[in-house]
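*Asks:* Chains as they are written, first to last, in my numbering: chain C, 1 to 114; chain S, 1001 to 1114.
No lab work stands behind these hints: they were computed from the structure. Note that CB positions come from ideal geometry on N, CA and C, so glycine has one too. Watch out, some of these pointers could steer you wrong.
To spell it out: a stretch of chain C is covered by chain S in this simulated footprint if at least three of its residues, at any positions, have a beta carbon under 8 Å from a beta carbon of chain S; those stretches are [stated by the list, open to error]:
id, stretch
1, 11–24
2, 45–59
Here are the computed lysine to any residue pairs in the SDA-like style, where the Cα-Cα straight-line distance is at most 25 Å [to be verified]:
id, chain 1, residue 1, chain 2, residue 2
3, S, LYS1049, C, SER80
4, C, LYS57, C, ALA31
5, S, LYS1049, C, ALA31
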Amino acid sequence: DGGITQSPKYLFRKEGQNVTLSCEQNLNHDAMYWYRQDPGQGLRLIYYSQIVNDFQKGDIAEGYSVSREKKESFPLTVTSAQKNPTAFYLCASGTGGLYTGELFFGEGSRLTVL
Amino acid sequence: AQSVTQLGSHVSVSEGALVLLRCNYSSSVPPYLFWYVQYPNQGLQLLLKYTSAATLVKGINGFEAEFKKSETSFHLTKPSAHMSDAAEYFCAVTRNTGGFKTIFGAGTRLFVKA
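If we strip away everything but chain C, and leave its shape as in the complex, we get (with noise of 0.2 Å):
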């Protein structure tokens, strides 16, 4: 089946310690984004890229890094200048177009520092 896969879906990290969350999809997207979802405050993008190669910052950057290396892979390293990591993580992948516009989300990533 097509789909986007995230792993691990639940994570620990110790303050101090990078981690690296993995997003594969198999639907032949384009475009490739990572969102942040925290309690009462929707999604907010972190990274996104239009292109293999290429990638741009979103709202939320900062104490993040990506790669697009492959068109099917968009892994996200949550580093440890990222002063508030706790959140659950949300990769989605789409055909990069205005018209249609529609997401496709994984599963998604918790990640818990302790």
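Starting from the structure of chain C, add chain S where the hints point.
*Replies:* Chain S alone, transformed into the frame defined by chain C:
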């Protein structure tokens, strides 16, 4: 700049009652608007989208939304609530600033009472 405001972080209805979830947007150009639903610990799923073809948009699970330009609103309705409708609902707008990005409202959690 485009933004989305959802009125009411929590809405409670009785089973069989009308569901009304409110969404207002601000946009300098005609927008593309979406409603997504999220069940606990899962990703988001598209309910419906407005792309200027018709002002009344029908989606999945009996939901529909009406685009009202004069009121800058895109409220989500369902004539009769079902227990399975209990979830969080997000209104979203797509903007094009150096790439197509989707901006989400803060979300409205719907509770359905038996």
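*Asks:* Give a verdict on every hint.
*Replies:* Evaluated hints:
Here's how the stretch 11–24 of chain C fares: 0 of its residues keep a CB closer than 8 Å to some CB of chain S, so the rule of at least three is not met and the hint is violated. Only residues whose beta carbon comes within less than 8 Å of a beta carbon in chain S count, and the stretch 45–59 of chain C has 5; three or more means the coverage holds. A hinted pair counts as satisfied when its Cα atoms are at most 25 Å apart, and S:LYS1049 with C:SER80 does not qualify at roughly 38 Å. As the CA atoms of C:LYS57 and C:ALA31 are separated by approximately 14 Å, the hinted pair is consistent with the 25 Å bound.
With a C-alpha separation of about 19 Å, the suggested pair S:LYS1049 and C:ALA31 falls inside the 25 Å cut-off, and the hint holds.
Checked against the numbered hints given earlier, the structure breaks hints 1, 3 and satisfies all the rest.
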